[in-house]
Amino acid sequence: MPHTETDDRRDIASARLPEAYAHCATLVREQDQDRYIAGLYAPEDRRAALYALYAFSLEIARVRALVSEPLPGEVRLQWWRDVLEGQPAGETQAHPVAAALLDTVRRYRLPIAPLTALIDARIFDLYDDPMPSLRDLEGYAGETASAVIRLACLILAGGRDPGGATACGHAGVAYALTGLMRAFPWHAAEGQVYLPADILARNGVTRDDIVRGRGGPGVLYTLKELREIARNHLKKLASLSETIPPALKPAFLPAALVEPYLRRMEVRGYDPYRTIITLPAWRRQWILWRAARRHARA
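Everything in the sequence shown is counted per our numbering, starting at 13 for the first residue and increasing by one.
Heads up, a few of these hints could be off.
[As the list claims (entries may be wrong)] FRET-style restraints, in silico, Cβ to Cβ:
{"id": "1", "residue 1": "T218", "residue 2": "A27", "range": "51 to 59 Å"}
{"id": "2", "residue 1": "G170", "residue 2": "R276", "range": "34 to 42 Å"}
{"id": "3", "residue 1": "Y282", "residue 2": "A259", "range": "37 to 45 Å"}
{"id": "4", "residue 1": "T287", "residue 2": "R172", "range": "38 to 46 Å"}
{"id": "5", "residue 1": "A106", "residue 2": "A129", "range": "21 to 29 Å"}
{"id": "6", "residue 1": "S145", "residue 2": "R172", "range": "29 to 37 Å"}
{"id": "7", "residue 1": "G228", "residue 2": "P84", "range": "46 to 54 Å"}
{"id": "8", "residue 1": "P258", "residue 2": "E31", "range": "44 to 52 Å"}
{"id": "9", "residue 1": "G170", "residue 2": "A201", "range": "26 to 34 Å"}
{"id": "10", "residue 1": "P82", "residue 2": "S145", "range": "37 to 45 Å"}
{"id": "11", "residue 1": "W198", "residue 2": "E271", "range": "17 to 25 Å"}
{"id": "12", "residue 1": "T287", "residue 2": "E31", "range": "38 to 46 Å"}
None of these hints come from the bench; they were simulated from the model.
In this text, a Cβ means the ideal position worked out from N, Cα and C, and glycines have one as well.
Input sequences plus hints: build the corresponding full structure.
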């Protein structure tokens, strides 16, 4: 059969894939070091796909920071939906994260529904509406962080369903709640409130209190409750650890950082509006190394 223009475009796209995957790895290394370090414990032939998935998650998470109004943000998110659903969306191969993600989806037969659900969940980020309830917050965490862990497991399993969906759920919720509490200073300054309205109300705090930099003990009580909720998910994850195949452990490694982050929120003088919750790079590396060794022995 004659070589067509479509074949030429396909050949060019394939030639660009190594560069696209390298771009994803760099993006994750620079902006999501926890997942980048965890990815280093995955088999070498799976890392590029993991970083493509993590880079996609980063691209969706930072849409609000790239736009000044919600509508342009929704347009950007729709572009990603179109990419995943195979609809005309411009030259997707020119976008390195899109190119690497689509190749990863094809190679590992990843389901599209969790990826589009992640996009839909992130619409919440574009607006300043309060998170209605704890149930809504856990649902948001499930469709974002838990979905990423679940898809990472599929990659590590070579595209087969390895099970472990419940463990992915608990790990993702614990990690996401901790991440949102760590991001509280920036979200409050931007008018975003991820703390559940039902827990805030129980502690006598409103959304307006938070975005105006007040709230007093009620904010601290609310964050304390959320820390315990995150820990409960960690306990449930621990109870399921023996059901997680060893090959999938790299997908769960970031959850090892949850408890150390939570403890940093409990030191004397913690101010949720000003205290930056982080860990030195060497300590994060050590925690993840120790967790990886523990998983290997198990």
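Evaluated hints:
For T218 and A27, the Cβ-Cβ distance of about 55 Å falls inside the hinted range of 51 to 59 Å, so the restraint holds. Checking the proposed 34 to 42 Å range against G170 and R276 shows it holds: the Cβ atoms sit about 37 Å from each other. At roughly 38 Å, the beta carbons of Y282 and A259 sit within the given window of 37 to 45 Å. The hinted range of 38 to 46 Å is satisfied by T287 and R172, whose Cβ atoms lie roughly 43 Å apart.
Look at A106 against A129: about 26 Å separates their beta carbons, and that is inside 21 to 29 Å. Hint check: S145 to R172, Cβ distance near 36 Å, so the stated range 29 to 37 Å holds. The given range of 46 to 54 Å is broken by G228 and P84, whose C-beta atoms sit roughly 36 Å from each other. For the hinted restraint 44 to 52 Å between P258 and E31, the CB-CB distance of approximately 32 Å leaves it violated.
Roughly 43 Å separates the CB atoms of G170 and A201, a value that falls outside the hinted 26 to 34 Å. For the pair P82 and S145, the supplied restraint of 37 to 45 Å is violated, since their beta-carbon distance comes to about 22 Å. Distance hint for W198 and E271: a CB-CB separation of about 22 Å, consistent with the stated range 17 to 25 Å. Taking 38 to 46 Å as the suggested C-beta distance range, the pair T287 and E31 conforms, at roughly 40 Å.
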